Amino acid sequence: MIYVLAAILLISAFLTVTLKNIFHCALALAVALLTLAGFYFYLDAPFVGVMQLIIYVGAIMILIIFAIMLTTRVGDRLLSAANHQVMPSLLAVIVFVLFGIAAIRKLDLVAKAGKMSDPIAGLGRELLTTYLLPFEVISLLLLAALVGAVVIARKD
Amino acid sequence: MIFLPELILLGLALLILTYDFVKIIPSRRLLVAVTLGGLALSFLSVFLPFLTESASAGSFLSNMYLVDSFSIIFKTLFLLVGLLVVVLNYDFFASAVKKHEGEFYFLLLTSLLGLILMVSSPNLLMIYLGMETVSFTSYLLVGWQKSVQRSSEASLKYFLFGALASAIFLYGVSFFYGLNGTLDLSRVAAMNIVSPAGFLSILLILFGFGFKIAMAPMQFWCPDVYEGAPTPITAYLSVAPKAAGFAVILRLLTLLNIDLVTLLALLSAVTMTIGNLAALRQRNIKRLLAYSSIAQAGYILIGLVSPELGYSAVIFYLIVYTLANLGAFAAVIYLAEKLGSEDIESYSGFARRSPVMAFAFAVFFLSLIGIPPLAGFIGKFLLFKAAVGAGFLWLAIVGVVNSVVSVYYYMNVMQIMYFRNGDESAVKIPAFISLAIWVCLAGVVALGVFPNILF
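Top to bottom, those sequences are chains A and B.
Heads up: the first sequence begins at 1 in UniProt numbering, then just goes up one per residue.
Heads up: the second sequence begins at 1 in UniProt numbering, then just goes up one per residue.
It is possible that part of the hints are untrue.
Below 25 Å or equal to it, Euclidean Cα-Cα: the simulated SDA-like pairs (lysine to any residue) are [said to hold, decoys possible]: (1) A:K20 / A:A6; (2) B:K146 / A:L146; (3) B:K98 / A:I68; (4) B:K23 / A:I152; (5) B:K157 / A:A149; (6) B:K157 / A:A6; (7) A:K155 / B:K146; (8) B:K99 / A:A6; (9) A:K155 / B:V97; (10) B:K23 / A:D156; (11) B:K146 / B:K157; (12) B:K23 / B:A96; (13) B:K157 / A:H84; (14) A:K155 / B:K23; (15) B:K98 / A:A149; (16) B:K23 / A:L146; (17) B:K157 / A:V17; (18) A:K155 / B:S147; (19) B:K157 / B:L277; (20) B:K338 / B:G349; (21) B:K157 / A:R154; (22) B:K157 / A:V150; (23) B:K157 / A:V93; (24) B:K338 / B:R29; (25) B:K99 / B:V22; (26) B:K385 / B:L252; (27) B:K157 / A:A67; (28) B:K157 / B:F207; (29) B:K98 / A:A153; (30) B:K99 / B:L31; (31) A:K155 / B:K99; (32) B:K99 / B:S147; (33) B:K23 / A:L143; (34) A:K155 / B:F21; (35) B:K385 / B:I397; (36) B:K385 / B:V449; (37) B:K157 / A:L146.
FYI, nobody ran anything at the bench for these hints, they're computed from the structure.
Only a predicted model underlies this, so the values are computations on that prediction, with no experimental measurement involved.
Modelling step: build the complete structure from the supplied sequences, incorporating the hints.
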C-alpha cells in the first residue's frame with residue numbers, strides 16, 4: 001500500500017515540475033497533496049491527514065487554481081518551467097538520494113511519542129501547555145506577514 | 001519582570017501599528033521618537049535584573065525559553081542594532097522611501113523580537129519560528145521601495161532562497177526528531193553524528209542557518225539582496241540575522257556536544273575565500289560590503305573550531321563586526337544621499353568635503369581589515385589564536401592571507417576618497433547619521449583599546 005502511495009506521490013510531483021501547461025501542473029500538485037494526506041492516514045495520524053486535506057487540498061489548491069484562471073487562459077502559450085540545468089540537477093538529485101538512502105537504511109527511529117488515546121484532545125492540551133509559546137509566536141508571525149503583505153500588494 | 005525586554009518590544013510593535021492605523025496626531029517625528037524611546041526602554045530593562053539582583057536566569061514555559069547570560073548578551077546586541085537602524089533610517093526614509101513608515105517600524109520591531117526568540121530558546125521549534133519571524137519580516141522590508149525595481153527583485157530573490165533554506169532546515173529537523181524523539185536540544189545528551197542520518201540531520205540544520213549568516217554554499221542571495229534593499233535594511237540584514245545565526249549555531253554545538261570542527265574549518269576557509277575574491281572586482285559599495293560580509297562570516301566561523309577559546313572570540317568578533325559594519329553603512333547611506341550614487345568612483349575626493357565622515361569610514365574599514373589598535377584587530381587575533389590552539393594552523397594561515405587580500409578592496413575605497421580629486425564644497429552631516437557614526441566609532445575604538453570591558 002505505502003509503495004503504491006509513494007509511487008503516485010513521486011510521479012505526480014515529477015509531473016508538477018515538468019508539465020508545460022501550468023493548469024496541468026496545478027492538477028498534478030493537487031494529486032501530490034492528496035497522496036500526502038493518504039500517507040498521514042496510513043501512518044495513523046488522522047488529524048494531520050484531515051488538516052492536510054482541509055488546508056492544502058481544500059484551501060491552497062483552490063487559491064492556486066483561482067490565481068491561474070484569473071491570470072492566464074488555459075491553453076495560452078506554453079512556458080516550460082524547467083531551465084537548461086538538467087545535468088547538474090540530476091547529479092545533485094542522485095547524490096542526495098544515495099546519501100538519503102544510506103541515512104535512512106540504518107535508521108533506528110525512536111517511537112517515543114507513544115500513541116495517544118484521544119489524539120485531538122491531547123493535541124489541544126499540548127498546544128496550550130507545552131507548546132504555548134510557539135502557539136502565541138505564530139500569531140505574531142502571521143500578523144506581521146499579513147500587515148507586510150497588504151503594504152506590498154497595495155497600490156499607492 | 002523576567003520577560004520585560006521582550007514584552008516592551010512586543011507592546012511597542014503593537015502600539016506603533018495601532019498608532020499608524022489611528023493617527024490621532026500624524027507626525028513622523030513622534031512616530032520615530034516613540035519607536036526610539038520604546039527601544040531604549042527595552043534595552044535598559046535588559047539590565048534591570050543586574051540592578052535589583054533578583055534571580056532571573058532559568059528556563060521558562062516548558063523549557064521553551066531560556067534566560068541566561070548567553071541570550072542576554074545577544075538581546076543587548078540586537079536592541080542596540082535596532083536603535084541604530086531606526087536612527088539611520090530617519091533621514092533615509094524621508095528622502096527615499098516615504099511611504100508606510102508605521103508598518104515599516106512595526107515589521108522591524110517584530111523582526112527584532114524574532115531574533116531574540118531565536119537566540120533564547122533551546123527548542124528547535126522555537127528556533128525555527130524565531131527564524132521565520134525574522135525571515136518573513138526581512139523579505140517584506142527588503143521590498144519596501146515598491147517603485148524601485150531592484151528592491152522588488154531583491155525581495156523575491158531573498159524569499160525564494162529563504163524558502164529553500166527553511167525547507168532544508170526543516171528536513172534536517174525532521175531527521176533530528178526521528179533520531180532523538182524530542183526537539184529540545186538540552187534534552188539530547190549526546191547526539192550520534194557518526195551515523196549517516198545523524199550527520200545528514202546536523203548538516204541540513206547547519207546549512208539552513210548558513211543561509212542566515214551567508215556561509216558558503218548558501219551565500220548567493222547576499223549581493224543582490226544587499227544591493228536592492230533600502231540601505232538601512234541592508235545594514236540591519238548584514239549584522240543582526242548574522243549574529244543570531246551564529247548564536248544558534250553556538251547553542252547547537254554546545255548543547256549537543258558534537259564535534260564538527262573539520263567541516264566547520266573547511267566551510268570557514270571556503271566562505272572567506274569566496275567573499276574576498278569576489279569583493280575585489282566590485283564597483284558598487286553595497287555589493288562590496290555584501291561580499292565583505294560573506295568574508296567576515298568566514299572569519300567568524302574560524303572561532304567555531306575551538307570550544308575553549310573560540311566561542312568567546314566569536315561573540316566578541318560579532319559585536320565588533322556589528323559596530324564596524326553598521327558604521328560603514330551609516331556612511332554609505334549618507335554618501336548615497338549626498339552624491340546620488342552608490343558607485344565607489346563617485347566618492348572621489350570626499351575626504352576634502354567632509355574630513356570627519358571620511359575618517360570615520362576609514363576607521364570602520366580598518367577595523368574590518370583588523371588593523372591595531374582598533375577592535376577588529378583584537379577580534380581577529382582572538383579568532384586566529386583559537387584556531388592555532390585547536391590545532392588548525394592552516395586555517396589561521398588561510399585567515400591571515402585572506403585578511404591581506406581584503407586590504408586591497410578596503411584600501412581602494414579609502415584611496416579614492418583621500419587621493420582623488422573631486423568636488424570640494426564642504427557638506428554638513430545630518431545629526432542622526434552623525435550620532436550613529438559616533439556611537440559606532442566610540443565602540444570600535446573603545447573595544448580595541450580596552451577589550452576587557454566585554455569579558
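Verification of the hints:
{"no.": "1", "hint": "A:K20 / A:A6", "verdict": "holds, 23 Å"}
{"no.": "2", "hint": "B:K146 / A:L146", "verdict": "holds, 17 Å"}
{"no.": "3", "hint": "B:K98 / A:I68", "verdict": "violated, 34 Å"}
{"no.": "4", "hint": "B:K23 / A:I152", "verdict": "holds, 20 Å"}
{"no.": "5", "hint": "B:K157 / A:A149", "verdict": "holds, 16 Å"}
{"no.": "6", "hint": "B:K157 / A:A6", "verdict": "violated, 32 Å"}
{"no.": "7", "hint": "A:K155 / B:K146", "verdict": "holds, 9 Å"}
{"no.": "8", "hint": "B:K99 / A:A6", "verdict": "violated, 49 Å"}
{"no.": "9", "hint": "A:K155 / B:V97", "verdict": "holds, 15 Å"}
{"no.": "10", "hint": "B:K23 / A:D156", "verdict": "holds, 18 Å"}
{"no.": "11", "hint": "B:K146 / B:K157", "verdict": "holds, 15 Å"}
{"no.": "12", "hint": "B:K23 / B:A96", "verdict": "holds, 22 Å"}
{"no.": "13", "hint": "B:K157 / A:H84", "verdict": "holds, 19 Å"}
{"no.": "14", "hint": "A:K155 / B:K23", "verdict": "holds, 20 Å"}
{"no.": "15", "hint": "B:K98 / A:A149", "verdict": "holds, 18 Å"}
{"no.": "16", "hint": "B:K23 / A:L146", "verdict": "holds, 20 Å"}
{"no.": "17", "hint": "B:K157 / A:V17", "verdict": "holds, 19 Å"}
{"no.": "18", "hint": "A:K155 / B:S147", "verdict": "holds, 11 Å"}
{"no.": "19", "hint": "B:K157 / B:L277", "verdict": "holds, 23 Å"}
{"no.": "20", "hint": "B:K338 / B:G349", "verdict": "holds, 14 Å"}
{"no.": "21", "hint": "B:K157 / A:R154", "verdict": "holds, 20 Å"}
{"no.": "22", "hint": "B:K157 / A:V150", "verdict": "holds, 19 Å"}
{"no.": "23", "hint": "B:K157 / A:V93", "verdict": "holds, 22 Å"}
{"no.": "24", "hint": "B:K338 / B:R29", "verdict": "holds, 22 Å"}
{"no.": "25", "hint": "B:K99 / B:V22", "verdict": "holds, 16 Å"}
{"no.": "26", "hint": "B:K385 / B:L252", "verdict": "holds, 23 Å"}
{"no.": "27", "hint": "B:K157 / A:A67", "verdict": "holds, 21 Å"}
{"no.": "28", "hint": "B:K157 / B:F207", "verdict": "holds, 18 Å"}
{"no.": "29", "hint": "B:K98 / A:A153", "verdict": "holds, 16 Å"}
{"no.": "30", "hint": "B:K99 / B:L31", "verdict": "holds, 13 Å"}
{"no.": "31", "hint": "A:K155 / B:K99", "verdict": "holds, 11 Å"}
{"no.": "32", "hint": "B:K99 / B:S147", "verdict": "holds, 11 Å"}
{"no.": "33", "hint": "B:K23 / A:L143", "verdict": "holds, 20 Å"}
{"no.": "34", "hint": "A:K155 / B:F21", "verdict": "holds, 17 Å"}
{"no.": "35", "hint": "B:K385 / B:I397", "verdict": "holds, 11 Å"}
{"no.": "36", "hint": "B:K385 / B:V449", "verdict": "holds, 18 Å"}
{"no.": "37", "hint": "B:K157 / A:L146", "verdict": "holds, 20 Å"}
Hints 3, 6 and 8 from the list above are not met by this structure, while the remaining hints are.
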